[in-house]
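Residue numbers (my numbering), protein chains in the order written: chain F, -19 to 277; chain R, 4 to 270.
By construction, these hints were calculated from the structure, which means they are not laboratory data. Just so we're clear, the structure is a prediction, and the values are computed from it rather than from any experiment. Glycine included, each C-beta is placed from N, C-alpha and C at the ideal position. Errors might be hidden in some of the hints.
In the SDA-like style, the derived pairs of lysine to any residue whose C-alpha atoms are separated by at most 20 angstroms in a straight line are [stated by the list, open to error]:
1. K108(F) - P96(R)
2. K248(R) - G51(F)
3. K86(F) - P96(R)
4. K14(R) - D70(F)
5. K108(F) - K248(R)
6. K108(F) - G84(R)
7. K14(R) - K86(F)
What follows is a set of in silico ranges between Cβ atoms, one per label pair, in the way DEER data are often shown [what the hints assert, rightly or not]:
8. R(-8)(F) - P137(R): 35 to 43 angstroms
9. G9(F) - A234(R): 54 to 62 angstroms
10. P85(F) - V141(R): 43 to 51 angstroms
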Amino acid sequence: MAAIQVTGLVKRYGEVTAVDGVSLRIEEGEVFALLGPNGAGKTTTVEILEGHRAPTSGEISVLGFRPDKGGRDYRERIGIVLQEGSVERDLTVREALDIYGGMYPKRRSTGELIDLVGLGEKAGARIKTLSGGQQRRLELALGLVGDPDLIFLDEPTTGFDPSARRQAWGILENLTALGKTILLTTHYMDEAQHLADRIAVIARGRIIAEGTPETIGGRADGRTLVRFALPTGVTPEQLPVAGAVVSDGTVTVEASSPTRTLHDLTSWAVSRGLELEHLEVDRPSLEDVYLELTGDG
Amino acid sequence: MVWHQFRYQNKIFWRTPIAAFFTIVFPLLLLVLFTALFGNETIEAYGITTAQYYTPGLAVFAAMSASYTNLAIGTAIARDGLILKRIRGTPIPPWAYLTGRVVSAIYLAFIALVLMMLVGVIFYGIQVYPRTLPSAIVTFLVGVGCFSALGMLVAALSPSGEAAPAITNATLLPIAFISDIFIPIEDPPAWMEVAGSIFPLKAFAVAFRDAFDPNLTGAQFHWPELGLMLAWGVAATLLAIRLFKWEPAAGRSRGPRRQRQPAEGET
């Protein structure tokens, strides 16, 4: 059964169309990343699914509810980790989890949550004394406090430096191990690749590609690039392969059958006693695919 | 449900020493200051002593500060901090959360008011009359209910957490002056008299003060004053419900996004 099923979702603010016909299906237990640049419609989409906004049109079913009409029954089953969420800064970590936990009929215990996000040493500390990374961990714990079936993570590492991001990923991996359905938004390709089972790329309010991190954007059947330094004394015309592009002394060959191309190149070089310096075989990175898809490249 | 919210709001209030100081201690200081400045003499126009004049008036002022000012500023700041947005994502019904805030404010107002009256009774010889106690209690509940509704209205109207204190100060102080809270004006200009009688603070102060006036008799129920406060309270509640927002105005929600550094020793 699908945890989230969205068909033809549209959200307009006056003249502006923030979400322009998004359709999604997210299975139970799946970690799904909505990936896109700022202003692409990610947050609006997620806020509609959370029930914070009503859609202009479209069919939405989340855990069997229409989110903006789901009321308490719906909100008891979801956990929201806010983008730059906040909680009363004068409370301690333990108090905040007790207070917010008390709002749910079934809940995870405060001690268990503190362990899960690794805030054991800070349980009695005022929230305002926590570092940014620790506050994000508390946010995660607060998102889990009602033992939700579905968790929304809106840009969980935006504004983090690379090492803080790695740490956050470690905690998010614990979370994915709980087997909950997770909808994650991010504008970092590597984050989606690292955490998600499936990715949808959104740009200008539309889903422009969808798939697993391995297949998205036709990456699996994409071309392979073979690169090497042009050997001295050889002109591009003398190379044994078609479609070679030379720039700055580096040859790039787009190969649809790379084994064949490599064989042709290497046997040609060996028979002439040449060395193919800096030989590289590469596939377009997910980053390249993403930039190409979103038109930022 | 409301009880849980009430306890939670209460806990937060006492964690912020500045708010507790201004609500509870500041009006007490004013009482000590005014009686010392003006001497505890009989005020001709009223026929009561300075302390008999100021104690109930400042008790009302303290109760108003605990309800109106606290709710307006606290709620607007909670909205800026995305706390209201977080609450909206939990199963707590919005009305239960807001009622919890209001009940906590009324409780604080009660503490502030009783403390002021106690100081008046112990140090300045204020008399409490059993015959006027029902009126004093009803006046307190209607008055604080009215100012809680007005506080929520200011929270609804404030574009940001910083705007709320500006709005409460700009409204509270001038109205406190024309409502004879700080200075008993013996022969006020007509416009001031009229202006004072429009706003609910003077009604609150007059009705409450008369309950402790040794020259008066009877139960001292001030129906016109109670009616005026009720009207303000109902109008403010209806408007606040219409205008209340759970998220900061567009463009503020992202806030200044800080670059987050991992703490030292964080792994």
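These are the hints, each one checked on the structure:
no.	hint	verdict
1	K108(F) - P96(R)	violated, 27 angstroms
2	K248(R) - G51(F)	holds, 17 angstroms
3	K86(F) - P96(R)	holds, 16 angstroms
4	K14(R) - D70(F)	holds, 9 angstroms
5	K108(F) - K248(R)	violated, 25 angstroms
6	K108(F) - G84(R)	holds, 12 angstroms
7	K14(R) - K86(F)	violated, 23 angstroms
8	R(-8)(F) - P137(R): 35 to 43 angstroms	violated, 56 angstroms
9	G9(F) - A234(R): 54 to 62 angstroms	holds, 56 angstroms
10	P85(F) - V141(R): 43 to 51 angstroms	violated, 38 angstroms
Hints 1, 5, 7, 8 and 10 from the list above are not met by this structure, while the remaining hints are.
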